[in-house]
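Below, each chain spelled out in residue letters.
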Amino acid sequence: MIEQVAKEKEQEVLAELDSFAELPDAPPKRKFRLSWVGYCASAVVAFWLIICLIGPSIAPFHEMDMEGDDSFLDAYTSEEGYGTFHLGTDYLGRDTLSRILFGARNTIGISLAATLLAYLMGITLGILAAVKGGWIDMGISRVNDAILALPTIMLGLIVIAALGSSIPILIGTAAVIYATSVFRIARALGQDIMVQDFVEAAQTRGEGIWWIIRAEVLPNAAMPLATDFGLRLVFVVLFISSLSFLGLGVQPPASDWGSMVRENLQGLTYGSWASIWPACAIASFTISINLIVDDISAKSGGSLAKKMV
Amino acid sequence: MMMRMVWQRVGIGLATLWVVSVIVFVATSILPGDVAQIVLGQSATPETLAALRAELGLDQPGYVRYFSWLGNMMAGDLGISKAGGATISSLIGGRLGNTLMMAGLVALISIPISIALGLWAAMHPGTWLDRIITFGTLSTISVPEFFIATIAVLILAVELHWLPSTAYMTGDETFGQLLKALAMPLITLVIVVSAQMIRMTRAGILNVMSSPYIEMAILKGVPRRRIILRHAFYNAIGPIVNVIALNLAYLVSGVVIVETIFAYPGLAKLMIDGVQTRDLPLVQACAMIFCGTYVVLILLADIGSILSNPRLRNPK
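Those sequence lines, one after another, are chains W and V.
Residues in the first sequence are numbered from 1 upward in steps of one, following this note's numbering.
Residues in the second sequence are numbered from 1001 upward in steps of one, following this note's numbering.
These are calculated hints, taken from the structure and not from any lab test.
Quick reminder that beta carbons are idealized off the backbone N, C-alpha and C, glycines included.
Watch out, some of these pointers could steer you wrong.
[Claimed, not checked] Distance windows between CB atoms, simulated:
hint : chain 1 : residue 1 : chain 2 : residue 2 : range
1    : W       : Gly-93    : V       : Ile-1132  : 50 to 56 Å
2    : W       : Gly-93    : V       : Ile-1012  : 52 to 58 Å
3    : V       : Gly-1093  : W       : Pro-219   : 35 to 41 Å
4    : V       : Thr-1087  : W       : Gly-93    : 52 to 58 Å
5    : V       : Ala-1263  : W       : Ile-169   : 39 to 45 Å
6    : W       : Ser-166   : V       : Pro-1046  : 23 to 29 Å
7    : V       : Glu-1047  : W       : Ser-166   : 29 to 35 Å
8    : V       : Gly-1062  : W       : Asp-197   : 18 to 24 Å
9    : V       : Thr-1277  : W       : Pro-168   : 21 to 27 Å
10   : W       : Leu-116   : V       : Leu-1160  : 40 to 46 Å
[Claimed, not checked] Selected chain W positions facing chain V (in silico; Cβ < 10 Å):
hint : residue
11   : Leu-34
12   : Ala-146
13   : Pro-151
14   : Gly-164
15   : Glu-216
16   : Val-234
17   : Val-237
18   : Leu-248
19   : Val-261
20   : Leu-268
21   : Thr-269
[What the hints assert, rightly or not] Away from chain W, derived, C-beta distances all over 12 Å, residues of chain V:
hint : residue
22   : Thr-1016
23   : Leu-1108
24   : Leu-1179
25   : Asp-1279
26   : Met-1288
So here's chain W without its partners, still in its complex pose (with noise of 0.2 Å):
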């Protein structure tokens, strides 16, 4: 026991004199070393992403052709000459795989559009509330306050029940939610370089707002930033889907991954996998996501990790 502290303890200050091996004003070198498990699943969401782009080049069938023989097969060949259904067919006999494959662009593309989108509102209110701080930082975290009080499960379905379902509004309606965990983060980061010495300096030396916002704040920001996205992504993948499985998000006859699950869930009691491929796909996505995020934070002090715990 007294060893394991002692090794510790000797680790702890080796790190300290690392830290110290570098000159003070160069950047600190960042390290892309992954375990064999995080390598493991980049390559799982490489590969959804390569699917987001090809997908529905290398689909067997178009996503809404009815070709298979009946409902709910097994994988099959059909006798007919329509061709392998290496999943099965659906409940209305559609194919599993070439549903999951154009489902991909759908489930994978409308969050991150939605993420990217609420990191372009997070980050630019966030940095904004920093840096001019006073009345306009108490009026934007007060509504984001507000706003994070909520579930988001009930936010999203307050909105799409006044204005309906469609993929702008999913996008729209995502966006603003996540938004307010990306802003509590930008201006957090933000105010922390804000009163650092350099950004001291360069005020000191006249520079405007925007350059030491360009220079100095982003730069620094973007590697928490940078991690983040990753939860936040999967969050948003959760929360899309979440309202497909409703039948509240993407609505039929569009594939997407969430949906699908509900469609064929009446097929589970005879025992068909249909509804199960898509969540195993949306769970590789996000398991995979989640793994990586874990991987680069348990290297950077587990400061990350805490945060999806």
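Starting from the known structure of chain W, fit chain V onto it as the hints suggest.
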């Protein structure tokens, strides 16, 4: 000192509730297309529209409608459902009880399990079982709730035929039948909620374990078990109480999915049906109940962490 902080939190909680009511009302009322238009749909003529608007009070300015809505809600009058014309209080009545029963049972089962597993994992960090717990809980919180539910149905209902795949209740079951009907949604929710709580309990204890007085205890030669149970646990109670309240709040969103998937006759199912038929008064009432519960639970978590902090409890 401490009481002042508690009252301050209660004040903030009440203010949040008020803001929530504004958000719910504004989001559902000021947006294009009012209830009158939805009700009449294609058959709307300017005259019938105006008549229905006057009947529903929609011709009054927004703030007047907001305050009368808020006043009615405080008095327990939740309004009339658009579909069928029943009062919303009568629709919600029994449903609310079902949802509360489910949430209560989930809390009762998941809290002891999570604290035990979280403690165990914190006592043996880095062992195989700890890694399995860490990976398992990380995976659970990264997947949608309906994934867990689907897998549970596949294994327990389809492959093993142990449990029914829906939680349909007629109201006159025996206790055994009731338990069987509830089992599936309960299992799903317990898994989802426990995963969060286990991670937070483990992180909370490990956080306390890195403080100087624990190091002192280690150097004194106190066994690790004793350190955790006698030194770390009491100081981690505050964070853990916080975790429990926060997770009961997360239960709100879990309930929405689980009630839908198992066709459980609860409040969330009612709300989803309301969203699908765009029954706005019903959605407003349900949203206020869910959001109100959420805000109150978060408030309790806040107060719990203040009360359990010895430095605030015994001011100098």
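Hints and how they fare:
no. : hint                               : verdict
1   : Gly-93/W / Ile-1132/V: 50 to 56 Å  : 41 Å, violated
2   : Gly-93/W / Ile-1012/V: 52 to 58 Å  : 55 Å, holds
3   : Gly-1093/V / Pro-219/W: 35 to 41 Å : 58 Å, violated
4   : Thr-1087/V / Gly-93/W: 52 to 58 Å  : 44 Å, violated
5   : Ala-1263/V / Ile-169/W: 39 to 45 Å : 27 Å, violated
6   : Ser-166/W / Pro-1046/V: 23 to 29 Å : 28 Å, holds
7   : Glu-1047/V / Ser-166/W: 29 to 35 Å : 31 Å, holds
8   : Gly-1062/V / Asp-197/W: 18 to 24 Å : 51 Å, violated
9   : Thr-1277/V / Pro-168/W: 21 to 27 Å : 23 Å, holds
10  : Leu-116/W / Leu-1160/V: 40 to 46 Å : 44 Å, holds
11  : Leu-34                             : 16 Å, violated
12  : Ala-146                            : 4 Å, holds
13  : Pro-151                            : 5 Å, holds
14  : Gly-164                            : 7 Å, holds
15  : Glu-216                            : 32 Å, violated
16  : Val-234                            : 6 Å, holds
17  : Val-237                            : 8 Å, holds
18  : Leu-248                            : 6 Å, holds
19  : Val-261                            : 6 Å, holds
20  : Leu-268                            : 6 Å, holds
21  : Thr-269                            : 6 Å, holds
22  : Thr-1016                           : 5 Å, violated
23  : Leu-1108                           : 22 Å, holds
24  : Leu-1179                           : 21 Å, holds
25  : Asp-1279                           : 8 Å, violated
26  : Met-1288                           : 10 Å, violated
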